[in-house]
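Asker: Could you build the full structure based on these sequences and the hints that come with them?
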Amino acid sequence: MTAYVVRRILVAVPTLAILIVLCFLLMQVAPGGPFTSERPLPPQVLANIEARYGLDQPLWKQMWDYLVGIVTRFDFGPSFAYRDRDVNDIIAQGFPVTLTYGLISFVVATLAGMGIGVAAAIRHNSWLDYIAVGATFSAQALPNFVMAPILVIVFTWQLGWLPGGGWNGGQWQYLVMPVIALSTSYVASITRITRSSMLETLNSSFIRTARAKGLPEHTVIWRHAMKPAMLPVVSYLGPTFVAMITGSVVIDVYFSTGGIGRAYVDSALNRDYAVMLGITILYGGLTVLFNLLVDLAYAWLDPKIRY
Amino acid sequence: MESKPKILAVMLLGMTVTAGSAFAAGTHPVTGDALAEHQVFTYRVLDEHSSVDPQIVEDVSGSEIVRDLFEGLMNQDAQGSLVPGVATGYTVSNDQLTYAFTLRDNAKWSNGDPVVAGDFVYAWRRAVSPELASPYSWFMELMSIENAARIIAGDAPVDELGVSAPDDRTLVVSLSQPLPYFPQMVTHATTFPVNRAVVEAHGADWTNPENIVSNGAYVLTEHIPNERSVRERNPMYWDAENVILQKTVALVINDENTSLTRWLAGELDRTEVPAGQFPRLQEEYPGEAISFPRLCNYYYTFNLSESGPEAFKDVRVRKALALAVDRKIITENILAGGQIEAFTFTPAATADFEVPDVEIASMSQAERDAMAKALLAEAGYGPHNPLKFEMIYNTSEAHKRIAVAMSQMWKQKLGVETTLANMEWKTFLEVRANQDFELARGAWCGDYNEASTFLDLLTSPSGYNDGKYSSAMVDDLMTLAKTADDTQAIYTKVEQVIADEMPVIPIYHYAGVYMLDSDVGGWPINNIEQNWYSKDLYKIAE
Numbered sequence: 001m002t003a004y005v006v007r008r009i010l011v012a013v014p015t016l017a018i019l020i021v022l023c024f025l026l027m028q029v030a031p032g033g034p035f036t037s038e039r040p041l042p043p044q045v046l047a048n049i050e051a052r053y054g055l056d057q058p059l060w061k062q063m064w065d066y067l068v069g070i071v072t073r074f075d076f077g078p079s080f081a082y083r084d085r086d087v088n089d090i091i092a093q094g095f096p097v098t099l100t101y102g103l104i105s106f107v108v109a110t111l112a113g114m115g116i117g118v119a120a121a122i123r124h125n126s127w128l129d130y131i132a133v134g135a136t137f138s139a140q141a142l143p144n145f146v147m148a149p150i151l152v153i154v155f156t157w158q159l160g161w162l163p164g165g166g167w168n169g170g171q172w173q174y175l176v177m178p179v180i181a182l183s184t185s186y187v188a189s190i191t192r193i194t195r196s197s198m199l200e201t202l203n204s205s206f207i208r209t210a211r212a213k214g215l216p217e218h219t220v221i222w223r224h225a226m227k228p229a230m231l232p233v234v235s236y237l238g239p240t241f242v243a244m245i246t247g248s249v250v251i252d253v254y255f256s257t258g259g260i261g262r263a264y265v266d267s268a269l270n271r272d273y274a275v276m277l278g279i280t281i282l283y284g285g286l287t288v289l290f291n292l293l294v295d296l297a298y299a300w301l302d303p304k305i306r307y
Numbered sequence: 001m002e003s004k005p006k007i008l009a010v011m012l013l014g015m016t017v018t019a020g021s022a023f024a025a026g027t028h029p030v031t032g033d034a035l036a037e038h039q040v041f042t043y044r045v046l047d048e049h050s051s052v053d054p055q056i057v058e059d060v061s062g063s064e065i066v067r068d069l070f071e072g073l074m075n076q077d078a079q080g081s082l083v084p085g086v087a088t089g090y091t092v093s094n095d096q097l098t099y100a101f102t103l104r105d106n107a108k109w110s111n112g113d114p115v116v117a118g119d120f121v122y123a124w125r126r127a128v129s130p131e132l133a134s135p136y137s138w139f140m141e142l143m144s145i146e147n148a149a150r151i152i153a154g155d156a157p158v159d160e161l162g163v164s165a166p167d168d169r170t171l172v173v174s175l176s177q178p179l180p181y182f183p184q185m186v187t188h189a190t191t192f193p194v195n196r197a198v199v200e201a202h203g204a205d206w207t208n209p210e211n212i213v214s215n216g217a218y219v220l221t222e223h224i225p226n227e228r229s230v231r232e233r234n235p236m237y238w239d240a241e242n243v244i245l246q247k248t249v250a251l252v253i254n255d256e257n258t259s260l261t262r263w264l265a266g267e268l269d270r271t272e273v274p275a276g277q278f279p280r281l282q283e284e285y286p287g288e289a290i291s292f293p294r295l296c297n298y299y300y301t302f303n304l305s306e307s308g309p310e311a312f313k314d315v316r317v318r319k320a321l322a323l324a325v326d327r328k329i330i331t332e333n334i335l336a337g338g339q340i341e342a343f344t345f346t347p348a349a350t351a352d353f354e355v356p357d358v359e360i361a362s363m364s365q366a367e368r369d370a371m372a373k374a375l376l377a378e379a380g381y382g383p384h385n386p387l388k389f390e391m392i393y394n395t396s397e398a399h400k401r402i403a404v405a406m407s408q409m410w411k412q413k414l415g416v417e418t419t420l421a422n423m424e425w426k427t428f429l430e431v432r433a434n435q436d437f438e439l440a441r442g443a444w445c446g447d448y449n450e451a452s453t454f455l456d457l458l459t460s461p462s463g464y465n466d467g468k469y470s471s472a473m474v475d476d477l478m479t480l481a482k483t484a485d486d487t488q489a490i491y492t493k494v495e496q497v498i499a500d501e502m503p504v505i506p507i508y509h510y511a512g513v514y515m516l517d518s519d520v521g522g523w524p525i526n527n528i529e530q531n532w533y534s535k536d537l538y539k540i541a542e
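Just so you know, the sequences run in chain order A and B.
Taking the working numbering, the leading residue of the first sequence gets 1, the next gets one more, and so forth.
Taking the working numbering, the leading residue of the second sequence gets 1, the next gets one more, and so forth.
Source of the hints: derived by calculation from the structure; they are not laboratory data.
It is possible that some hints are incorrect.
Across the chosen pairs, the derived CB separations fall in these ranges [stated by the list, open to error]:
hint, chain 1, residue 1, chain 2, residue 2, range
1, B, G266, A, S138, 30 to 40 angstroms
2, A, S138, B, V404, 24 to 34 angstroms
3, A, V68, B, N208, 54 to 64 angstroms
4, A, V154, B, V40, 52 to 62 angstroms
Under 8 angstroms between C-beta atoms, here's a sample of chain B residues computed to sit facing chain A [said to hold, decoys possible]:
hint, residue
5, S51
6, P130
7, I152
8, P225
9, L264
10, L420
11, E424
12, W425
13, K426
14, E430
15, A433
Built from N, CA and C at the ideal position, the CB exists for glycine as well.
Answerer: And the structure:
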């Protein structure tokens, strides 16, 4: 087990290195640069700016300096678009925001999705099941960029209950709408997966055996059916968790939360190379980490899987 | 140096008279409006600002903040006219090459230090220094300050810049050529002073709220990137007793419609109106939905360079396309926010500019369409040989709707087949700058309130002339205008040449379209550059 974890971590290093190199090269291929603007800078001014950021160096040198900066000083470079902030500042400011609303949304989505899914499976073909299935289809058809402005219209303008946006250090009033908007479609997905997986498990022979032994229904479900039914849910939750805590540009745009999702998209539009690379590395690292955690969770859920 | 005192003792007198304890009584000293208890102004900005460092800031929303935090030599009033800032006035030499500004003796930094001429010298040198590499260093070059270009190019040390401080109260500026609108340019953020000790002590972090020291009517008290920026009244400001608004809050709200909803909910005092919604809002909120002309134009430019299509080299084709665009449909049905149909390049609202009588403007649309058909047929295009080209614009709903409307007009009236291509902003700029297009969208907002800020774009040496239009006549006239006393006649002539040769298709001139709460007083609607200062605003009691 320990050897497996160590091996996976060692594999992550070249994975991230390839990610950095690819991302670095792809950015250079994109047309325009960080200082392309409607009012083209006079060549001398542009030369001064490029010299300041070392963009006049050959590409291999830029990449090498970048990697050395990360390894020796944990310095992910400057932002070209925002002079008084560097990549570390931008991540330090945006990531905690995203992490907060992402984590809460994840917990809400998981609890609600699994709860509804299990309930619908147990009461298969009842009114509860029909409502759950109907609601999840509607929720999935309602994208969050449609839902977000509707929430603002209802809760801010019409009812006047909640502030229409902002973060304010993460006070609960500012969290409600982002969490609803972000978690709804995930609730729907998790419900669907949980329900079908649970139905399948409940129809398997070991459950029939358990019931034949005369075990009470709640023991059948919680002791025997729950763990195997969770396998597909857990494999969905790993990447979902990363997606949720790394933010959603839609949430940041509609609720002005100041999270990292918006910063990421901006960095691509601004050709803010270092910011884009920095956030990509963060996302990449988190993805590798959570894939590992999911694999470890499998071993706990399914006795057949051993490393 | 002959002395020509220009500045407005009257203004100063007016200010002194109105000063005093009028606010305690709760009324505005000039308008007599009852003042609200909470003097807080909250407005929406589209995006996070680039910086609040005067020498680095390059965007509109950043400049709005900088104008509150720092004060330059001159300010603008509600009409956009010059009024004293840190300088009480200036004199200009006979040869128009030397300006001497007299600085007021009561101007202070927010830490209590006096604002001296040396602060300006430091800031201006900073603006051109290759070491800082300011994206706006070209502005100092545009101001024609002696040696600015050489310093930026690294060919001269920064202390050779044509600006000096013979004493703490006098700032002397030497120009390399006379520039009639030079005084207007010192209201621009790039020319604002900075406190050397603070800049040098904190490096790039000097603009953080905990470090920043500024000399304007407000100080920065909070900045959460991508969320909000707050500035509050600066008690050290020389005219602090006349500043009514206590606090200004800028909220970053990317989505225009969400922002409008939040304005409706009362969270904002000002927001932009999304395209097409103005008539409805004006009906529902009369007096609060406002529209006024802006100093910006919107046009399509033909690629007239080697790489451009052969068809566009024929002036008849260019004219036919320009004639067939029904601008009324675009301004009244698509944008519907008080935008103005454009037949000339420079907006009519530009100072000292009178729109010349060009033929196309005086025709009816039916006449224009008939002429367009005739011209295009004459050029050899018709049903069997239709004109085909691609038009590009940057991704945006409003640009798309205008481009679709234009291509439909051309198709229906002239049988022209256009392909539309939208591009992400930076890609679009790159394609346009490399003349990798046939017909491209363009827009320009004036850097200062004078027609040359627009017309210079169409001169051959201009770095922004993406269509590569080149006319010796336009070039000569614009060179002449730099030193002429009467520029109006020259600009009229240039517009005539442009209307005859049609290197661009002017579509409309911008309007500022806002929802502005009725309790906001002092908004400078007549300042066409929309250079507003929080110190001139106030909240009226409801």
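Asker: Next, verify each hint and record whether it holds.
Answerer: Here's how the hints hold up against the structure:
Roughly 32 angstroms separates the CB atoms of G266 (chain B) and S138 (chain A), a value that falls within the hinted 30 to 40 angstroms. A hinted range of 24 to 34 angstroms holds for the C-beta pair S138 (chain A) and V404 (chain B), which are about 33 angstroms apart. A beta carbon spacing of about 28 angstroms between V68 (chain A) and N208 (chain B) contradicts the range 54 to 64 angstroms that was offered as a hint. Between V154 (chain A) and V40 (chain B) the beta carbons are some 26 angstroms apart, a value that contradicts the proposed interval 52 to 62 angstroms.
Given hint, S51 (chain B) at the interface with chain A, holds; its Cβ is 5 angstroms from that chain's nearest Cβ, closer than 8 angstroms. With 8 angstroms as the threshold, the beta carbon of P130 (chain B) comes within range of chain A, its nearest partner Cβ sitting at about 4 angstroms, so the hint holds. Interface hint status for I152 (chain B): upheld, as the beta-carbon distance to the closest one in chain A is roughly 5 angstroms, under 8 angstroms. The interface hint given for P225 (chain B) is met, as the beta carbon of that residue sits about 6 angstroms from the closest beta carbon of chain A, less than 8 angstroms.
With its C-beta approaching chain A no nearer than about 5 angstroms, L264 (chain B) sits inside the 8 angstroms limit, and its interface hint holds. For L420 (chain B), the shortest C-beta to C-beta distance to chain A is roughly 19 angstroms, which exceeds 8 angstroms, and the interface hint is violated. For E424 (chain B), the interface hint holds, since its Cβ comes within 8 angstroms of a Cβ in chain A; the closest pair sits about 7 angstroms apart. The interface hint given for W425 (chain B) holds, since its Cβ lies 7 angstroms from the closest Cβ of chain A, which is under the 8 angstroms cut-off.
Using the Cβ-Cβ criterion of 8 angstroms, the hint placing K426 (chain B) at the interface with chain A is satisfied: the shortest such distance is roughly 3 angstroms. Interface hint status for E430 (chain B): upheld, as the beta-carbon distance to the closest one in chain A is roughly 4 angstroms, under 8 angstroms. About 6 angstroms separates the beta-carbon of A433 (chain B) from the nearest beta-carbon of chain A, less than 8 angstroms, and the hint is met.
When each numbered hint is compared with the structure, violations occur for hints 3, 4 and 10.
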